[in-house]
Structures are given as structure tokens and as C-alpha cells.
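Protein chains in written order, with my numbering: chain S, 1 to 182; chain R, 1 to 596; chain Z, 1 to 243.
You may find that some hints are simply not true.
[What the hints assert, rightly or not] Residues from chain Z shown here face chain R by an in silico Cβ test under 7 Å; the list is partial:
hint	residue
1	Arg-48
2	Thr-51
3	Ile-82
4	Ile-168
[Claimed, not checked] Lysine to aspartate or glutamate pairs mimicking EDC-like chemistry, simulated, CA-CA at most 16 Å apart:
hint	chain 1	residue 1	chain 2	residue 2
5	S	Lys-144	R	Asp-578
6	Z	Lys-157	R	Glu-49
7	R	Lys-588	S	Asp-126
8	R	Lys-532	Z	Glu-77
9	R	Lys-531	Z	Glu-81
10	R	Lys-363	R	Glu-236
11	Z	Lys-173	R	Asp-494
12	Z	Lys-180	Z	Asp-158
13	Z	Lys-221	S	Asp-182
14	Z	Lys-162	R	Glu-49
15	Z	Lys-221	S	Glu-177
16	Z	Lys-221	S	Asp-157
17	R	Lys-571	S	Glu-141
18	Z	Lys-160	R	Glu-49
19	R	Lys-531	Z	Glu-78
Hints listed in this document are in silico derivations from the structure and should not be mistaken for laboratory results. Positions of the beta carbon are idealized from the N, C-alpha and C atoms, including for glycine.
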Amino acid sequence: MSKPLVATASLAGCFGCHMSLLDIDERILKLVELVDIGKSPVTDIKTFTQQYAVGIIEGGCCNSENVHNLQEFRKNCDILISLGECAIMGGLPAMRNGIPIEECLNEAYLEGPTVHLNTEKIFPNDDELPMLLDRVYPAHEIVKIDYFLPGCPPRADLIWDALVALLTGKELELPYEVVKYD
Amino acid sequence: MSALIQNILIKVGQKKDRLLDILLSVQEAESFVSDENIKIIAGSLQLSEIDVRQCMSFYHFFSTKPSRHRIFLNDSVMANLMGGQKVKEAFEKVLNCKQGEINADGIGFYTTACIGMSDQEPAAMIDGVIFPSLTPERVRFVVEGINQGKSLSDLYYLPLGDGRNGGAALNTMVNSNIRKTGLLLDDYYKSGSALTIAIEKSELEVIGIVKTSGLRGRGGAGFPTGMKWEFCRSSEGAEKYIICNADEGEPGTFKDRVILTEKIEMLLEGMTIAAYAIGAREGIIYLRHEYQYMRQHIENALAVARTKKMLGNNILGKDGFDFDIRIQFGAGAYVCGEESSLIESMEGKRGEPRFKPPFPVQKGYHNKPTSVNNVETFCKVCRIIERGGEWYRRYGTKQSVGTKLLSISGDCPRPGVYEIEWGMTLYQMLEMVGATNTQAIQVGGPSGSLIGKTGFDRKICYSDISTGGSMMIFDQSRDLIKDVVLNFLEFFIDESCGSCLSCRACTQQIRNKLEKMIHGKGVSTDIEDLKKWAKFTLVSRCGLGQSAANPISTSIANFPHLYQAMVQKEKDYDTCFDLASAVADSCKVVNRVPNF
Amino acid sequence: MERVKFQIDNKDCEALYGQMLVDAARDNGVYIPTLCNMQDVKPCGSCRVCTVKVNGRYATACTTPVACGMEIESDTEEIHEIRKALIELIFAEGNHYCPTCEMSGNCELQALGYRFGMMVSRFPYQFPQREINTDCQHLIIDYNRCIRCKRCIRTIKDKKGKSYFAFINRGDKLEVTMDKEMAKTMPLKVAELAMENCPVGAILLKETAYRVPIGERRFDKKCIGSEIEETDVKVFMGELNNE
Chain S
1 MSKPLVATAS
11 LAGCFGCHMS
21 LLDIDERILK
31 LVELVDIGKS
41 PVTDIKTFTQ
51 QYAVGIIEGG
61 CCNSENVHNL
71 QEFRKNCDIL
81 ISLGECAIMG
91 GLPAMRNGIP
101 IEECLNEAYL
111 EGPTVHLNTE
121 KIFPNDDELP
131 MLLDRVYPAH
141 EIVKIDYFLP
151 GCPPRADLIW
161 DALVALLTGK
171 ELELPYEVVK
181 YD
Chain R
1 MSALIQNILI
11 KVGQKKDRLL
21 DILLSVQEAE
31 SFVSDENIKI
41 IAGSLQLSEI
51 DVRQCMSFYH
61 FFSTKPSRHR
71 IFLNDSVMAN
81 LMGGQKVKEA
91 FEKVLNCKQG
101 EINADGIGFY
111 TTACIGMSDQ
121 EPAAMIDGVI
131 FPSLTPERVR
141 FVVEGINQGK
151 SLSDLYYLPL
161 GDGRNGGAAL
171 NTMVNSNIRK
181 TGLLLDDYYK
191 SGSALTIAIE
201 KSELEVIGIV
211 KTSGLRGRGG
221 AGFPTGMKWE
231 FCRSSEGAEK
241 YIICNADEGE
251 PGTFKDRVIL
261 TEKIEMLLEG
271 MTIAAYAIGA
281 REGIIYLRHE
291 YQYMRQHIEN
301 ALAVARTKKM
311 LGNNILGKDG
321 FDFDIRIQFG
331 AGAYVCGEES
341 SLIESMEGKR
351 GEPRFKPPFP
361 VQKGYHNKPT
371 SVNNVETFCK
381 VCRIIERGGE
391 WYRRYGTKQS
401 VGTKLLSISG
411 DCPRPGVYEI
421 EWGMTLYQML
431 EMVGATNTQA
441 IQVGGPSGSL
451 IGKTGFDRKI
461 CYSDISTGGS
471 MMIFDQSRDL
481 IKDVVLNFLE
491 FFIDESCGSC
501 LSCRACTQQI
511 RNKLEKMIHG
521 KGVSTDIEDL
531 KKWAKFTLVS
541 RCGLGQSAAN
551 PISTSIANFP
561 HLYQAMVQKE
571 KDYDTCFDLA
581 SAVADSCKVV
591 NRVPNF
Chain Z
1 MERVKFQIDN
11 KDCEALYGQM
21 LVDAARDNGV
31 YIPTLCNMQD
41 VKPCGSCRVC
51 TVKVNGRYAT
61 ACTTPVACGM
71 EIESDTEEIH
81 EIRKALIELI
91 FAEGNHYCPT
101 CEMSGNCELQ
111 ALGYRFGMMV
121 SRFPYQFPQR
131 EINTDCQHLI
141 IDYNRCIRCK
151 RCIRTIKDKK
161 GKSYFAFINR
171 GDKLEVTMDK
181 EMAKTMPLKV
191 AELAMENCPV
201 GAILLKETAY
211 RVPIGERRFD
221 KKCIGSEIEE
231 TDVKVFMGEL
241 NNE
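Only chain S is shown next, with the shape it has when bound in the complex (with noise of 0.2 Å):
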């Protein structure tokens, strides 16, 4: 039988969770045992070639590209997971939330005091680029999100022994100490 596939997105996050799922150290091969990774920027593998089992966000949705990204990633994987503080309630980013974009935009490119070689004060405008939203938004306000693992980022050990559960089918119990928010 093959192993479950599992997929791994950072949307606007900062790739900390991901960093932090390393973190599990020499777990890493027992991982490998127990799963495949397929597409995800640790594998450099970009599209969806067949139904995954499991799909890992790190990061809300501040851009357009973020929101398709992650409805690709509902239609792709039968369980997904909110990882960390950023896909769970929006995080850092989201402290922009609340002011208009226009305020942002104008900080980002026209006044913030790095901006000074914008001499002809315009905004990066190319259809390419992904559209920003009005806020950035927590990844369950876009899709449906299964389980939740919070934290900035959130312990290895945690993202491990829910790992181990969700794969093994066996009851979580963790310790006070891995679960927290920051």
C-alpha cells in the first residue's frame, strides 16, 4: 500500500512554520516513513497530480494568488490543516486589517521612508501580479480548514504528535507546554 501523500503550502506567511516542521530533527525519517511528500515548497513540487491526503497551510490569504492557491489545495486534499498563528487568525500580517488599503499601498510604495527611489510614485500594477486583498483573511474564511495547530511558530513537537495521530489514528494527548500562541 502506498504511503499518504502530503502537501504543504506557505501562503502569506513567513515560512516559519515550515522552518519549524523541520525542527522535528531525526524525526524527519521516521516522517518519510510514514508519509510522501508531494507537492510543496520543500520539494519544489508545484501542482496537484493526484487527490493527497493530507494538505498543511502555513499563512492566511492576503492576495488573490494566496485564495487560489488554497481553494486548489480544498480540492486536492481530503484533510487540510490550519498551521500556525497566520492561517489560523490571520497573524502578523493581518495587523493591516482595519486600515484602508489605499493607506497601506501609499506607505508600502509612495511614503514609507525606504520608498525613495520610486521617483515616478507608482504602484507595481502588472496583470501578473497578484491582487491584493481588502485584508488578509484566515485561511478557514476561505475554505474549509479540519484541524488547527496554533503557535509562531508552533512547536515541532506539536506539529509531530499531531501528525502521528492524524496518520496512526491514535488519540492525542500533549503535554501543557506545546501548545501555544506565540
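With the hints as your guide, set chains R and Z onto chain S.
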């Protein structure tokens, strides 16, 4: 200190607990309370400015901006049912400003919760004067008149109201619309007869008669009146208070307005009897701000009572029985109808409910034993003392004794006040008012229940379907979810004191979810969520919070099909996210056409 | 003082008559979670997190005086569910970005989230727009994190009893604000107390931060309430909870 504030402080007292009156007086004189005056008031009462602001900002009718006139248009369910939206648009058009703004001519236009005119909506208050049964044409007529500098009473478009509304003291277009009288509203009341009987008996005998009668509070909660008085009487403390709860804030109710208009003497007499029974020397009518047009009328009645020796010292010659009554105005807060909030408000604070115990009968106004009773309750007492407790028990049912005044409004040809005996079924009620094609009845206002056809055989009484008097009828043409339930939720969100998380935050989440469903994005789990979330509000401190989700829970229970109809068949998850609208703003700013 | 007997979750307890339930429970080794409550400060019952059932009816343990023969339900599935929902409501109502918050690890709201195993709020996050105020020379007030618990309002007054903090507005527009004039002259000692009394990271001292390293903060290793409970709850049954 300005002369104005100085005079006010002399008149109402330079005390923290009179802050509400001080602010109301300033506002009356100047149309608003300026930053400067807030500073002066704070200084003279040894408060910080923020102390004054926290009280002021709790109440709907205070303003920090000057205006020449202020228009408050009711936006309750009933007002909207009767064409309120068109009237609102008419106001906005002729005033050339939006709701919440002051126009170029200095006229402020605001919306407000139910102003107790559900039988003659849409209605507005302009500088305290009631303009009932508005239409867009009447709005134009009134605003143009104001702009021409005419006085408000010259702008009446209807004859003066029925009963005492047309008298010089009231001089209003409001109608009492008494459609059915009973032992309270019948004409045979003779001022002073009940009080004469009462003071010939001992205080305990008076309480005994009220207990025998089985009278229960008519505000809605239904606590036995005699027992309340007994508790209050036996509570320690020489100083005691009688408070008449005339806050009548439950949307859809207006029967207290009618009693205050037509039977004010009976109310004062009932309060005096209560004072005698519990040993109070001071009585206060807590009158909702919306009823300020009745001030002169009530003051006149108080003056008459004083000349007739029914108020004052040695009442009706009874040695040592001293009692007088003053009016305390509210300033616009539904939650102040809850007795402990009402007391907080009377003490010049935000009307946040207190914890119980201690109950007001133990520690109420100024921490002294206080009995707070409803307008209707006091009037019933007069009748009971006159005729006896046994006589009263002949009316109504065994557990729900006597009569009840109903405020009936909505889709029926004869809205108004009906005095019925407890035990009438909702069917009989509909027949009485001539309602046909009825889809639902909201019994007991937003905090009550939305009842459908299957519940129309239920009886109006404490043991079946209890009510403080508000009865709103909706026919088949109405959208119950959008026009009724959603409006009620908004009402609770706005009127919550905000203190309890469960009432403040959960109601907003419920409203948002309902709006999502109304917008066609409902999924089946939404209904389950709403049911569960409604339960979380039950842990709130006061009755408002505990019943804030009643519009949701009772409508889901009694009209499940309306919710099922909002569920999308093809989707089991939908958060209302829409990519096109989410990117619209940013694309506009960077000047590009959205491409997906 | 008279002592009374009562029960919490069928456990026999004893306390002084009139003692608030929260305190009475604590004296009997039972932890009832609280958030707005502070020991020895007049309770205000605003967060409802200490909700229990007293003889079958909901009541807040911080405002209910204990009486003889009371039967309290606290550690039940029903009550647990309510408390968890309340915590989630707070997280959804404000902007609680734990990773950026100086109080993270020492925050009572966060600690309750841990205790109740909250993985995500079941309620949509509201992302309200709130102010950050620096009028006071010693304090930064980040209203994004304010939970309207009234602790600052109740405890921070000047010598004459005037309030530095107060509620403004009501209902969904309810906010805590600081008196502009008094903010300017707030002594450092009072400012320190204000920060100390705030259960979350809404009131912060300027020019000092992150004094306790990660790993040594109040709730890094110890669950809130564990100091009261007889058995140290270090491990809890977490669950991968569905939204």
C-alpha cells in the same frame, strides 16, 4: 463657573448622584453639553471629566454638538412595518443630511428605538414633541414649517388626540386608542377613595390585601407585589423608597403611556398606598425621556394631589404619614427598565445592572430598601384596596389573577390598548383586534417569543405565555427574519450596556451570522451554530442579556422552515468570501482591471 | 464568623458565610477560572468566565456569595463549553496577535485559551479598528487588546477617588478610555499598577519590555489555576478541534 451651571446646581443639588439631572438640565438649556460644561460639572462634583463622559455616553439622548432642533425618528420594527423607511428617506431628503448628522440649518436628525407609539407609527420626536402617523408629505410639511420659524404646535397635521391628550397640559396629537376597558381602565375610579380606605387599615393589613389578591408585577417579570412590599417593609433601615418604573422601553409596548395620560391620579394614589405600606417618605417616577411631553401633565397631577392633601405631610390627616413624589427623567437606555439599572441611573451613573443579591428591596436607591413597581401595578393596587383582594381574584385564571393591559400593534385594523382578563388565547386576541391572515405574533416584545400559527391556541398568562404587554402582529406579507428578527437583534446590540461579554459580543456574532444567511450564503451548520450561540447569552447578568438571543432561538424553534429556506443546497461550507469584492479596492488604487 | 458547608461538583467544601464563591472555592483547593476578577477588588462579573451553576441556575462565582447547602456545578461539560466559548468570543472580538504582544506568556486571557485547549476561535475574527494611545507619559494603551474587563477602571484612581479610566458608550460601541488631562500627570507608580492589573497586554509601560525570557514566563510551563488545584495540571487532553 457659568451662571447656567450654577443655577442648575442650586436647583437639582451639587451632588454626584444628581449627575443625570444636571446633564439633562444643561442639555435642555443649550441643546447640548459642551466640553467646557463637562469640565465645569466635573470640577464642581469632584469628578474627572471621563467620569462625566462615561455617564453621558451611556444614554442615547445626550449630545455634545449644538443644534437648533433635534429630530428623533423611531426605527423600530413597528415603525418600519408602517412605512418608516420612506419617512426616513423623506427626512433625509428635505433636511439634506443623513441620519446621525446635523444639517446646514442646525437641525439634527437621528433614529431611535421604539418611542412607545407603536399604535400610531411611524412617529418621531421633535424637540420632545411627538409627531405620530408620519408620511413623507407630513415630513415635508413639518420640516418646511420649522425652517419658516413656525412653532411646533402650529405644525400639527392631525387634530389633537383623544381623551386627555387634547387638554392644555398635553396638547398633543398622540391618541390613547383605548379599545377595551376593564377593571383598571373603566371610568368609575374616584380619586382618593382607595387611599382613604388604606390609611384606615394597618400597613400590614394593606400588604395582606395585596397578597390575597395575588397581584403580580405588570412590568413583565411577574414577581408577587405583596411579597415585594413585605420584603421591603421588613428590610432594615428607616429610609425607604417607592419607585414607579415608567421606563416602558420594551419595543411594542405603550400601555403605560396610556395610563400615565388617562389615569395619572390613580397611579399617584397607588404609589402613595405603597409608600404607606412599606413606610416610604419619598417616591420617584422614573419616566423615560421619550415621554417628556407628559411632564406638565404629571406635574399638574402632583400639584393637585398636594392641594388635596394626598401628597405631602400628614396625608389625608393621617398623623406622621408623609410622602411626596418627584419625576426622574431617563435619558434613553432600554436597559434602565431593569430595576437595578434604573436605580443606578437614578444615582447619576451608567445604567448597568447590579448583582443580586442584594435585591433592591434590601439595598436599592442609595442602598436603602426600595420597591420598584410598574405603572400598571400601582394602578391595580388602587382597585384592589377599594374592592378587596377576594374581589380581584374573580378575574383572570387561578394562577394569573386579574386583568392585563395589552399594547397591540402591527397588522390589524384596530391597534391600541386592550384590557383583557388573563387566560385569553392568542386566537381570541387576534379575533378581538380584527387581525386576519396572521403569520406570527411577537409576544412580550423582542425579549419575548415569536409565535406562529401552531402556538395561537396558547393562553396569555404567567403559566403559559407571559407578557409585559407588548403584542406585535405580523401578517403573511412580512419577512419575519429580515424585518423582525434582525431588527430585534440590532436593538439588543445597541441597547446592551456592554458590560457582560456574553451579551455584548455574542449578540454581534449572532447578528453577523444571520446577515450572512440573509445574503444567501447560509449553510446547514449555520442553523446549528445559531442555536448553540444563542445559549451562550443566557449566562449574562441581567434580563436583557439573558433574553438578547430570544429573537433567534424562538424564531428558529417556531419557524424552522424560514431558516431552512436560507440554506444553500449545493454547499456545506460558505463564509461569504467573495474574491471579486475583496480585490476591488486595491485594484482601483493601483489602477488595474481585476483579472481572475 | 459563621462557617457554611456547600458542595462544588459533589466535593464537600466549607467557607465563611458570604464569601464570594471564587474565593471560597480557592480556599477549598478548587480552581474556578476567572478573568475580570481580582482578589480583594470589588467584583464586576463582566467576563462571565467564572460562570457556574448554583442550584441549577447560572451565576458568576465572583459575584455570588456562598450560602449554606449550595450545590455548585463547575467542572462539567456544559460549563466547560460555555467558558471556552466566552474565551473564544474575546479572541474574536479584539485584535489579539499573541506573537507581537509583550504580555504573551504572562497574559491571563492567553493562559485561559491554553487551559481550555482553544486551537482557533469558533467565531469569525472581527478585526476591529482600534486606537493605540500614548497620551500618558508612562503608558502605551493598545486598545486592540483591551477586553473591557474593567480592572483598570475599578482599581486606578487618584487620591481623591477620581477615575483615570472609564467606559465610554455602550453595547457594541463600548470602549475603555483614559481621561486626557489626568493621563498627563499620572505618576509612575500608578502607571506601573495599571500595567500590573491589566490581565492582557493593553496597558504597557513605556521604555521597558520583554523583561522575562521565553520559557520563564508565568504561563510557559504552568497552567493557569494549577497553583490552586491540589493536583498540578501539567498535562491536559488536547484535541485537534474542528472549527
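request  = Could you grab the alpha-carbon distance between R/Lys-531 and Z/Glu-81 and see if it respects the 16 Å cut-off?
outcome  = Given pair R/Lys-531, Z/Glu-81 holds - Cα atoms ~14 Å apart, limit 16 Å.
query = Is Z/Lys-180 within 16 Å of Z/Asp-158, Cα to Cα?
reply = Distance of about 14 Å is within 16 Å: holds.
query = Given Z/Ile-82 was flagged as interface, is its beta-carbon under 7 Å from a beta-carbon of chain R?
reply = holds (6 Å)
message = Tell me if the straight-line CA distance from R/Lys-588 to S/Asp-126 falls inside 16 Å.
response = Holds - the C-alpha atoms of S/Asp-126 and R/Lys-588 are around 13 Å apart, at most 16 Å.
request  = Decide if the proposed pair is consistent with the structure: R/Lys-531 and Z/Glu-78, CA atoms, cutoff 16 Å inclusive.
outcome  = holds (15 Å)
ask   = Is S/Lys-144 close enough to R/Asp-578, meaning Cα to Cα at most 16 Å?
value = Satisfied, since the Cα-Cα distance of roughly 15 Å is no more than 16 Å.
query = Is it true that the CA of Z/Lys-157 sits at most 16 Å from the CA of R/Glu-49?
reply = Measuring from Cα to Cα gives roughly 13 Å; hence the hint holds.
query = CA of R/Lys-571 to CA of S/Glu-141, is that 16 Å or under?
reply = This hinted pair holds, its Cα atoms lying about 15 Å apart.
request  = Could you check if Z/Arg-48 really has its C-beta closer than 7 Å to a C-beta on chain R?
outcome  = Because about 5 Å separates Z/Arg-48 from the closest Cβ in chain R, which is inside the 7 Å limit, the hint holds.
Pair hint R/Lys-363 and R/Glu-236, alpha-carbon separation not exceeding 16 Å = holds (9 Å)
ask   = If you draw a straight line from the CA of Z/Lys-221 to the CA of S/Glu-177, is it 16 Å or shorter?
value = holds (6 Å)
ask   = Are the Cα atoms of R/Lys-532 and Z/Glu-77 separated by 16 Å or less?
value = Holds - the C-alpha atoms of Z/Glu-77 and R/Lys-532 are around 14 Å apart, at most 16 Å.
This entry satisfies every hint, going by the numbered hints stated previously.
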